[in-house]
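Asker: The lines below spell out each chain.
2 protein chains.
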Amino acid sequence: MIEGLKKIGFDADDTLWVNEVFFRETEQLFYELMADFSDKETIAAELYRTEINNMALYGYGVKAFILSVIETAHKVAGGRLPASVVGEIVELGKKQLLQPVELLEEVEETLNALVGRYELILVTKGDLLDQERKLASSGLEHLFHHVEIMSDKTEREYGKLLRHIDVLPEEFMMIGNSLRSDILPPLALGSYAVHVPYHMTWEHERVEEPVVNSRFYTADSLWDIIGLLP
Amino acid sequence: MIEGLKKIGFDADDTLWVNEVFFRETEQLFYELMADFSDKETIAAELYRTEINNMALYGYGVKAFILSVIETAHKVAGGRLPASVVGEIVELGKKQLLQPVELLEEVEETLNALVGRYELILVTKGDLLDQERKLASSGLEHLFHHVEIMSDKTEREYGKLLRHIDVLPEEFMMIGNSLRSDILPPLALGSYAVHVPYHMTWEHERVEEPVVNSRFYTADSLWDIIGLLP
Chain A
11 MIEGLKKIGF DADDTLWVNE VFFRETEQLF YELMADFSDK ETIAAELYRT EINNMALYGY
71 GVKAFILSVI ETAHKVAGGR LPASVVGEIV ELGKKQLLQP VELLEEVEET LNALVGRYEL
131 ILVTKGDLLD QERKLASSGL EHLFHHVEIM SDKTEREYGK LLRHIDVLPE EFMMIGNSLR
191 SDILPPLALG SYAVHVPYHM TWEHERVEEP VVNSRFYTAD SLWDIIGLLP
Chain B
11 MIEGLKKIGF DADDTLWVNE VFFRETEQLF YELMADFSDK ETIAAELYRT EINNMALYGY
71 GVKAFILSVI ETAHKVAGGR LPASVVGEIV ELGKKQLLQP VELLEEVEET LNALVGRYEL
131 ILVTKGDLLD QERKLASSGL EHLFHHVEIM SDKTEREYGK LLRHIDVLPE EFMMIGNSLR
191 SDILPPLALG SYAVHVPYHM TWEHERVEEP VVNSRFYTAD SLWDIIGLLP
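One line per chain: the protein sequences are A and B, in this order. Here the first sequence is numbered in the numbering used here, starting from 11 and rising by one per residue. Here the second sequence is numbered in the numbering used here, starting from 11 and rising by one per residue.
No wet-lab data here; the hints were simulated from the structure. Treat the hints with care, as some may be off.
Identical chains blur together in the list; that is why a pair holds if it fits in one copy or across any two.
To be verified - Calculated pairs, PhoX-like style, for lysine-lysine (alpha carbon to alpha carbon, straight line, at most 25 Å):
{"id": "1", "residue 1": "K16", "residue 2": "K50"}
{"id": "2", "residue 1": "K50", "residue 2": "K105"}
{"id": "3", "residue 1": "K170", "residue 2": "K104"}
{"id": "4", "residue 1": "K85", "residue 2": "K50"}
{"id": "5", "residue 1": "K16", "residue 2": "K85"}
{"id": "6", "residue 1": "K170", "residue 2": "K85"}
{"id": "7", "residue 1": "K105", "residue 2": "K85"}
{"id": "8", "residue 1": "K50", "residue 2": "K170"}
{"id": "9", "residue 1": "K85", "residue 2": "K104"}
{"id": "10", "residue 1": "K170", "residue 2": "K16"}
{"id": "11", "residue 1": "K16", "residue 2": "K105"}
With the rest of the complex left out, here is chain A (with noise of 0.2 Å):
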């Protein structure tokens, strides 16, 4: 049991709502686009190549995803490349943008079984417009005492965070389905955090190594946080 707790923070891509499947859907069409020009397993190498090249200029989000599909098509095709399937990679970024939003199961009970008990802090990356997008689509809004959307989730932009909402460390706890996002940066500040896999995750979110500290927890779904609360 965790006591002297105040605020906890919740990633919201994969933790609160739908979001890895749609990048996936938009590579899978994108693969089918450039069938004529080289095999899947090439194309994905030479995107997640170019899109961790481009990580530092384009930060996180949908739109820095569809600028990194339209140069991997450009340096696959090379000059072969059809006009035709530039226009069809705009569309598809246009879509991924338009997908509504789908909730995770158990986020609205578990939310709703934390508020006012706790402040309860939304901290997620990627396109600022984007995800007060989702976050309005939600419905989760009034839940949420503070919203930050950070361009990287480091230990700094966590460390600001803290401040800001003027919170001790052992004092908040972090909520996410990112080891390399949600977990590691609070876990070394001196918070708690708890992992909840999501089925499907990001190659550069994943990390290798086995995460060992008093102060972590996993957990099989979002209720299962309840247990862990006095």
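Following the hints, put chain B in place on chain A, whose structure we already have.
Answerer: Only chain B this time, still in chain A's reference frame:
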């Protein structure tokens, strides 16, 4: 002389540092890349139409702009769009994102004269990561008590900001180059606003009607603000 002021908000792009010029430079290079397909005026009109159509979905900033440039290239050249032009547009976007920050005149003097007497707040819109990068490399970050990066500078967002920084409308003054984004929304809330025009304004930010409001001021240069304050 304005009495009772506690906090002053500053727009960033084209108020503290050069911004619009870089968009115009990228556009110029884009028109040259497309010279085989249409004249500059036709392409410019199509680009503006595309940007406005995409605004609700993409928001502001360089990544949104470049996606609209690519879409415009496809619309204008159709099936004849060369792959090389797509590759070059992507590179133009990266080059723009890497532009070094150029402070405008009197920015450092003015901020240094005001800091300590008022809480200074940076209020900007666009890509989160790009605005953070510019602020970090501007050398001005330490002068600001709070930094707010909005997806759009609407009356609603300014209202949220004023509550967040815990200030009454009449204790707040906003300074910026865009009537639409920096001046009209704060005036509507009952705050002061100072327009410091920049020699170049994006069509979308222009306002046709003259602004009439007893809390509205125009300054030829940023330093002129000092004369408005006790």
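Asker: Give a verdict on every hint.
Answerer: Against the structure, the hints:
1. K16 with K50: neither (47 Å within a copy, 58 Å between copies)
2. K50 with K105: within (21 Å within a copy, 30 Å between copies)
3. K170 with K104: Neither: 33 Å inside a copy, 28 Å across copies.
4. K85 with K50: within (14 Å within a copy, 28 Å between copies)
5. K16 with K85: neither (50 Å within a copy, 53 Å between copies)
6. K170 with K85: neither (39 Å within a copy, 44 Å between copies)
7. K105 with K85: Close inside one copy (23 Å) and across copies (18 Å); limit 25 Å.
8. K50 with K170: So K50 and K170 fail the 25 Å test inside a copy (41 Å) and across (46 Å) alike.
9. K85 with K104: both (22 Å within a copy, 16 Å between copies)
10. K170 with K16: Classified as both: same-chain Cα gap 17 Å, cross-chain 24 Å, threshold 25 Å.
11. K16 with K105: Neither. Shortest intra-copy (39 Å) and inter-copy (45 Å) distances fail the 25 Å Cα cut-off.
Violated hints, in rising order: 1, 3, 5, 6, 8, 11; the structure is consistent with all others.
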